[in-house]
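Just so you know, the protein sequences line up as chains X and V, in that order. Note that this note's numbering has the first sequence beginning at 197, numbered continuously upward. Note that this note's numbering has the second sequence beginning at 8, numbered continuously upward.
This list has only true hints and no planted wrong ones.
Which residues of chain X face chain V? A few of them, derived with a C-beta cut under 7 Å, are:
(1) 234
(2) 237
(3) 241
(4) 245
(5) 317
(6) 415
(7) 417
(8) 522
Anything over 10 Å on all C-beta distances counts as not near chain V; from chain X, calculated:
(9) 262
(10) 322
(11) 537
In case anyone wonders, no lab produced these hints; they're calculated from the structure. Positions of the beta carbon are idealized from the N, C-alpha and C atoms, including for glycine.
Spelled out, the chains give:
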Amino acid sequence: MGLFILRRIGVMILTALCMTFVVFFLTNLYPKLETLAKTQGNARMTDAQVASWIERNGYSGPMILRYGQWLGVVPGWTRVDAETGDLTGRCIERTATAEEALNAPTFCGVFQGDLGYSTVSDDEVSSVIGGRLLLTLKLMAWAFGVMVPSALVVGVLAGMREGSRLDRSLSTFSIASTATPEYVSGVIFIVLFASSTSGISPWLAEMGWIDGRTLFLGSARSAMEDITFWNFTLPVMTIALYGMGYIARMTRASMAEVMTAQYIRTARLKGVSFRNIVLKHALRNALIAPFTVIMLQFPWLLTGVVIVETLFNYNGFGWTLVQAASNNDIELLLACSIVAVLVVLITQLISDIGYVFLNPRIRIS
Amino acid sequence: MTQLTPQPTKIHPVAEMYAKEHREGKIDRREFLVRATALGVASATAYSMIGLSPAHAMGHRQVPPMGGSLRIQMEVRAQKDPRTFDWSQLANVTRGFLEYLIEYNNDGSFSGVLLESWEANEDASQYTLRVRPGVTWNNGDAFTAEDVAANFVGWCDANVEGNSMAARMGGLVDPETNRVRDGGVVVLDDMTVQINLPAPDITIVAGIADYPSAVQHRDLIGTNPLDHGIGTGAYRVTDYEVGVQARLEKNPDHTYWGDAYLDEVFFIDLGQDPAAWFAGAEADEFDMTYETVGEFVDLFSSVGWEQSDVVTAATVVIRPNQNNAPYDDVRVRRAIAMAVDPQVCLDLGINGQGVLAENHHVSPIHPEYAELPPLVIDKDAAFALLTEAGHADTEFEIVSIDDDYRRNTTDAVAAQLRDAGFNVTRTVIPGSTFWNDWTTYPFSSTNWNHRELGVIILNLAYRSGVAWNESAFANAEFDALLDQANGIADADERRVIMVRLETIMQEEGVTLQPYWRSLFRHYRPGVINAEMHPKFEVNIHYLGVAA
Numbered sequence: 197m198g199l200f201i202l203r204r205i206g207v208m209i210l211t212a213l214c215m216t217f218v219v220f221f222l223t224n225l226y227p228k229l230e231t232l233a234k235t236q237g238n239a240r241m242t243d244a245q246v247a248s249w250i251e252r253n254g255y256s257g258p259m260i261l262r263y264g265q266w267l268g269v270v271p272g273w274t275r276v277d278a279e280t281g282d283l284t285g286r287c288i289e290r291t292a293t294a295e296e297a298l299n300a301p302t303f304c305g306v307f308q309g310d311l312g313y314s315t316v317s318d319d320e321v322s323s324v325i326g327g328r329l330l331l332t333l334k335l336m337a338w339a340f341g342v343m344v345p346s347a348l349v350v351g352v353l354a355g356m357r358e359g360s361r362l363d364r365s366l367s368t369f370s371i372a373s374t375a376t377p378e379y380v381s382g383v384i385f386i387v388l389f390a391s392s393t394s395g396i397s398p399w400l401a402e403m404g405w406i407d408g409r410t411l412f413l414g415s416a417r418s419a420m421e422d423i424t425f426w427n428f429t430l431p432v433m434t435i436a437l438y439g440m441g442y443i444a445r446m447t448r449a450s451m452a453e454v455m456t457a458q459y460i461r462t463a464r465l466k467g468v469s470f471r472n473i474v475l476k477h478a479l480r481n482a483l484i485a486p487f488t489v490i491m492l493q494f495p496w497l498l499t500g501v502v503i504v505e506t507l508f509n510y511n512g513f514g515w516t517l518v519q520a521a522s523n524n525d526i527e528l529l530l531a532c533s534i535v536a537v538l539v540v541l542i543t544q545l546i547s548d549i550g551y552v553f554l555n556p557r558i559r560i561s
Numbered sequence: 008m009t010q011l012t013p014q015p016t017k018i019h020p021v022a023e024m025y026a027k028e029h030r031e032g033k034i035d036r037r038e039f040l041v042r043a044t045a046l047g048v049a050s051a052t053a054y055s056m057i058g059l060s061p062a063h064a065m066g067h068r069q070v071p072p073m074g075g076s077l078r079i080q081m082e083v084r085a086q087k088d089p090r091t092f093d094w095s096q097l098a099n100v101t102r103g104f105l106e107y108l109i110e111y112n113n114d115g116s117f118s119g120v121l122l123e124s125w126e127a128n129e130d131a132s133q134y135t136l137r138v139r140p141g142v143t144w145n146n147g148d149a150f151t152a153e154d155v156a157a158n159f160v161g162w163c164d165a166n167v168e169g170n171s172m173a174a175r176m177g178g179l180v181d182p183e184t185n186r187v188r189d190g191g192v193v194v195l196d197d198m199t200v201q202i203n204l205p206a207p208d209i210t211i212v213a214g215i216a217d218y219p220s221a222v223q224h225r226d227l228i229g230t231n232p233l234d235h236g237i238g239t240g241a242y243r244v245t246d247y248e249v250g251v252q253a254r255l256e257k258n259p260d261h262t263y264w265g266d267a268y269l270d271e272v273f274f275i276d277l278g279q280d281p282a283a284w285f286a287g288a289e290a291d292e293f294d295m296t297y298e299t300v301g302e303f304v305d306l307f308s309s310v311g312w313e314q315s316d317v318v319t320a321a322t323v324v325i326r327p328n329q330n331n332a333p334y335d336d337v338r339v340r341r342a343i344a345m346a347v348d349p350q351v352c353l354d355l356g357i358n359g360q361g362v363l364a365e366n367h368h369v370s371p372i373h374p375e376y377a378e379l380p381p382l383v384i385d386k387d388a389a390f391a392l393l394t395e396a397g398h399a400d401t402e403f404e405i406v407s408i409d410d411d412y413r414r415n416t417t418d419a420v421a422a423q424l425r426d427a428g429f430n431v432t433r434t435v436i437p438g439s440t441f442w443n444d445w446t447t448y449p450f451s452s453t454n455w456n457h458r459e460l461g462v463i464i465l466n467l468a469y470r471s472g473v474a475w476n477e478s479a480f481a482n483a484e485f486d487a488l489l490d491q492a493n494g495i496a497d498a499d500e501r502r503v504i505m506v507r508l509e510t511i512m513q514e515e516g517v518t519l520q521p522y523w524r525s526l527f528r529h530y531r532p533g534v535i536n537a538e539m540h541p542k543f544e545v546n547i548h549y550l551g552v553a554a
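For reference, chain X alone in the conformation it holds in the complex:
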């Protein structure tokens, strides 16, 4: 078991290296550096000014060496200004005095625990990404809290009597919800519940049943400070609905299969009540397959939050990723990809280990 986990961590590091190198390569292509120079310097700089900016800010060396600097295995670049004599460099803070500049460390990369500097936020990557991840964690926790129980209930209800009217209607609902991507359902939700000119809000306001202009808020910005039912329902529902259908389908399939098993028939012939068959005998076995599916939903949620956070203006991890990508914020983007790799591989690991506990027939060796 220990060896298995160690091997998994090795794979994780290797994947993170490959992934970040790809991101590094793509974001350091010259046209992307030009974008960076123009967003950082002035949108209307001339080509000569762009070249000088790139040179002055340490983006001009060979790419592999700069990747090494980011990792922390190659000394960070330094540069002495020919005119003023000021020392600048990768490891030197922008506001540092001359003395501090001289005493700056030689290496500063991921291995030294320095994720680098976010150009768009004008701040350390570590201080940007921490708070944003926390916000996304809250959103994901709520979405999971809504998604998993309701999906399991829907799946079990549908699967316990395959082909019944209940099964058909719940299956239709699951398929519809999983076929509606977030950017569609989110917009529909806003129009229906969070617009003062369309949907049900004007009617509710007219009847005097709501105090504000709209039932729910179409912007989750206020939820960053204080989560309420009114500002967080729509983003949570938008994420939850999409994943819910999929998990419910998987649960239903698994449940339906279990319900046809020999031991269920035996139990039924022995006169066990249907309720007890479902809850005591079928459910536990039926939940093994959905467990993997649920763990797989974590990486899926990462893509979901990108859309939902942008749509509802919730400044979390997904929103940060969009900002970093559209501004070619190299080091922020790299940090985002590390986080993404970690999330995917750790949930995989948990899923594999959890599987062993749920299904004793499987051994890890």
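Please arrange chain V on chain X, whose structure you already have, making use of the hints.
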């Protein structure tokens, strides 16, 4: 000894002449104000010269009650050296603590902020700037002529990448050293600075009223204002998270020279999608928009927000780049101009929210605007001209940024060219990459902001070889005439030359420039002095909320 009581300022003789012209009906009130105040006449004096009571004329700015908090929807971008500002949004935050020498009001006049007054000599080649007494920096230093001079030196440093102030300083920059000309900026005494230009220049006042000209402390030129927070204004930044929000509050440790009303101001970043802004307004996230665009103008009004609009010289140009075939052929360019009806672009591009323009990029609200015969739109003649040039089958690719009005306007151009028989393809590029090559696309659209004078825009965008000359237009006659126009303070005399400049622009088919945009802003009832500004300026010192 310095004189303590200011001497009665002599009114500039040219300003007197403008006043006469206004009384004779040659120029309207806005034009008069722009010209007279640019010569250093205080706006109150300027109003009185044409028989208006300044109290009445300036009456649109109310005195709000003290206190309150206001949330403004606006992008919050990473701050940098003000000289390199490329977004008005950056300056709207720093304006709370970094003030300007002169400000451009939304009625088209200039008034002094850190300058008490300024005067130009007869041919507008020498300016005398008088510093406002009693202004202090929030670190306790007095604001003096040294600060003004140091900022001029900083603005003139063309070696700084992205320093757009260098272009605004014109002749004050020595082309040899790319720095300020010797003897260009002279400190006469603690309170007076003299600017000596090698040639007459009437644009310098507009230049130092523009948003990148925020005045920094004499020792802090070239720094990011967020790093030190030192300024003369009444506010201080307490919180600045790029892409999320900025918060300013009244600085309790600083005695501000003027009045400021609000206790705190938030700038809330809701991204670039106007639909998200509207959702934010419905969710009560903010009280005032930075700008309301397109169909959202009506939407915001429909939910009970107050609307403010201003006609500007802001526009969109859809220009061929003459370094690229087939646009090096004047017949092709003229054929393009002849095939496109500006009215259609105005209607389809911006829902008719603006006024028509004439493809020469000088607006009727510019003082030197000269009226030319109406444009001839003839699709058949256009195609005949194109065929004559041998490009009837050539494919024309028109590039635009992926946004609301610029894309729609460019689509309207493409559709009209197709109607005329041109073979047109359209390419839409996302905002993140569009600006990389904006000056070199063979045929693309660009938005241009409002400028105070017609010659400013011609100098920036159409003079041979200048950085922002995206149409690659190079014409010796045009350049020579422009040089001449730059030295004529009298707009009527300048207009004689403008006729020819504008005609060259049309004859050469330099650009399609179909309309002038009106700008809109919305705010909740009860927000005071939040009127739209032609240059998107927000000065939080003036804002207030009804008690």
